[in-house]
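**Q** First to last, the protein sequences are chains Z and P.
Each step along the first sequence adds one to the number in the working numbering, with nothing skipped, and position 106 is 106.
Counting the second sequence from 1 gives a position; the working numbering is that position plus 1000.
Each hint should be verified, as a subset may be incorrect.
Stated by the list, open to error - In the BS3-like style, the derived pairs of lysine-lysine whose C-alpha atoms are separated by at most 30 Å in a straight line are:
hint, chain 1, residue 1, chain 2, residue 2
1, Z, Lys-103, Z, Lys-70
2, Z, Lys-11, P, Lys-1051
3, P, Lys-1093, Z, Lys-53
Said to hold, decoys possible - Over the 10 Å line for every Cβ pair with chain Z, so calculated as not near, a few chain P residues:
hint, residue
4, Leu-1004
5, Gln-1006
6, Asn-1022
7, Glu-1041
8, Leu-1061
9, Phe-1088
10, Ser-1104
What the hints assert, rightly or not - Per label pair, the in silico range of CB-to-CB distance:
hint, chain 1, residue 1, chain 2, residue 2, range
11, Z, Ser-80, P, Pro-1008, 36 to 42 Å
12, P, Arg-1060, Z, Gly-16, 29 to 35 Å
13, P, Glu-1017, Z, Thr-13, 41 to 47 Å
Simulated from the structure, these hints should not be mistaken for lab results.
Glycine residues also receive a C-beta, built at the ideal position from the N, C-alpha and C atoms.
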Amino acid sequence: DAGITQSPRHKVTETGTPVTLRCHQTENHRYMYWYRQDPGHGLRLIHYSYGVKDTDKGEVSDGYSVSRSKTEDFLLTLESATSSQTSVYFCAISENFGTGVSKLFFGSGTQLSVL
Amino acid sequence: GQQLNQSPQSMFIQEGEDVSMNCTSSSIFNTWLWYKQEPGEGPVLLIALYKAGELTSNGRLTAQFGITRKDSFLNISASIPSDVGIYFCAGQKSGSARQLTFGSGTQLTVLP
Chain Z
1 DAGITQSPRH
11 KVTETGTPVT
21 LRCHQTENHR
31 YMYWYRQDPG
41 HGLRLIHYSY
51 GVKDTDKGEV
61 SDGYSVSRSK
71 TEDFLLTLES
81 ATSSQTSVYF
91 CAISENFGTG
101 VSKLFFGSGT
111 QLSVL
Chain P
1001 GQQLNQSPQS
1011 MFIQEGEDVS
1021 MNCTSSSIFN
1031 TWLWYKQEPG
1041 EGPVLLIALY
1051 KAGELTSNGR
1061 LTAQFGITRK
1071 DSFLNISASI
1081 PSDVGIYFCA
1091 GQKSGSARQL
1101 TFGSGTQLTV
1111 LP
């Protein structure tokens, strides 16, 4: 299994509070991603990173920010959580980007509930 | 964004039966990927397809890259209880993760 750890695994928070989810990898892969998974929508890309301090927006980036200060860590922040952000969040990593197939390896997910 | 139509949404089959599921799109993709997700875990890559018409197997799983490049099929032969899970297709237009689109999944239940 790819060495990806997401924390926390579960979180319940209130509307309007800030939330940070952490993804830690031990594979030294350059590329990291945050997805959200909702029923009927499959997986949708929120933000991704192609190196330390290099990030870009995905399909559903509104209301989210990310940071990557070290190769191994990719943080996802909800500045002011809303109920529509209740979801399962997956971190993924990949070795290839741009030159081949993005074979993604996923973490186990974080279940976030915003009340 | 781009849409992948994955069907069926769910399947209930008897152990030992064969299973077929597919993904279609109005867009052309250069790569098709099939993932399986078990409860409480992230998706795991099963098969990657790189060329139109390509047929690739992984044990009892066989996937095909449609000749039009707008569809892909996954077949599971002689299903067993551990095949239970959600199967996702994903199409990639280029090497960019921004161009990787996931289907909404097929929930497979295998009855003993």
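**Q** Take the hints in turn and mark each one as holding or not.
**A** Structure-based check of all given hints:
1. Using a Cα cut-off of 30 Å, the hinted pair Lys-103(Z) and Lys-70(Z) holds, with the two alpha carbons roughly 22 Å apart.
2. Straight-line distance between C-alpha atoms of Lys-11(Z) and Lys-1051(P) comes to about 42 Å, which puts the hinted pair past the 30 Å bound.
3. Restraint check for Lys-1093(P) and Lys-53(Z): satisfied, since their Cα atoms lie roughly 26 Å apart, inside the 30 Å limit.
4. Under the 10 Å C-beta cut-off, the non-interface status given to Leu-1004(P) relative to chain Z is violated; the minimum distance is some 8 Å.
5. With a least CB separation of 8 Å from chain Z, Gln-1006(P) falls inside the 10 Å interface cut-off, contrary to its annotation.
6. Every Cβ of chain Z is farther than 10 Å from the Cβ of Asn-1022(P); the closest lies at roughly 15 Å, confirming the non-interface assignment.
7. Taking the minimum C-beta to C-beta distance to chain Z, about 5 Å, the non-interface status of Glu-1041(P) is violated against the 10 Å cut.
8. For Leu-1061(P), the shortest C-beta to C-beta distance to chain Z comes to about 16 Å, beyond the 10 Å cut-off, and the non-interface label holds.
9. For Phe-1088(P), the requirement that its beta carbon stay farther than 10 Å from each beta carbon of chain Z is not met, with the minimum near 6 Å.
10. With a closest Cβ-Cβ approach of about 4 Å to chain Z, Ser-1104(P) is found to fall inside the 10 Å limit, against its non-interface label.
11. A beta carbon spacing of about 39 Å between Ser-80(Z) and Pro-1008(P) agrees with the range 36 to 42 Å that was offered as a hint.
12. Between Arg-1060(P) and Gly-16(Z) the C-beta distance comes to about 49 Å, which lies outside the given range of 29 to 35 Å.
13. Our hint of 41 to 47 Å for Glu-1017(P) and Thr-13(Z) holds, since their Cβ atoms are close to 43 Å apart.
Checked against the numbered hints above, the structure breaks hints 2, 4, 5, 7, 9, 10 and 12 and satisfies the rest.
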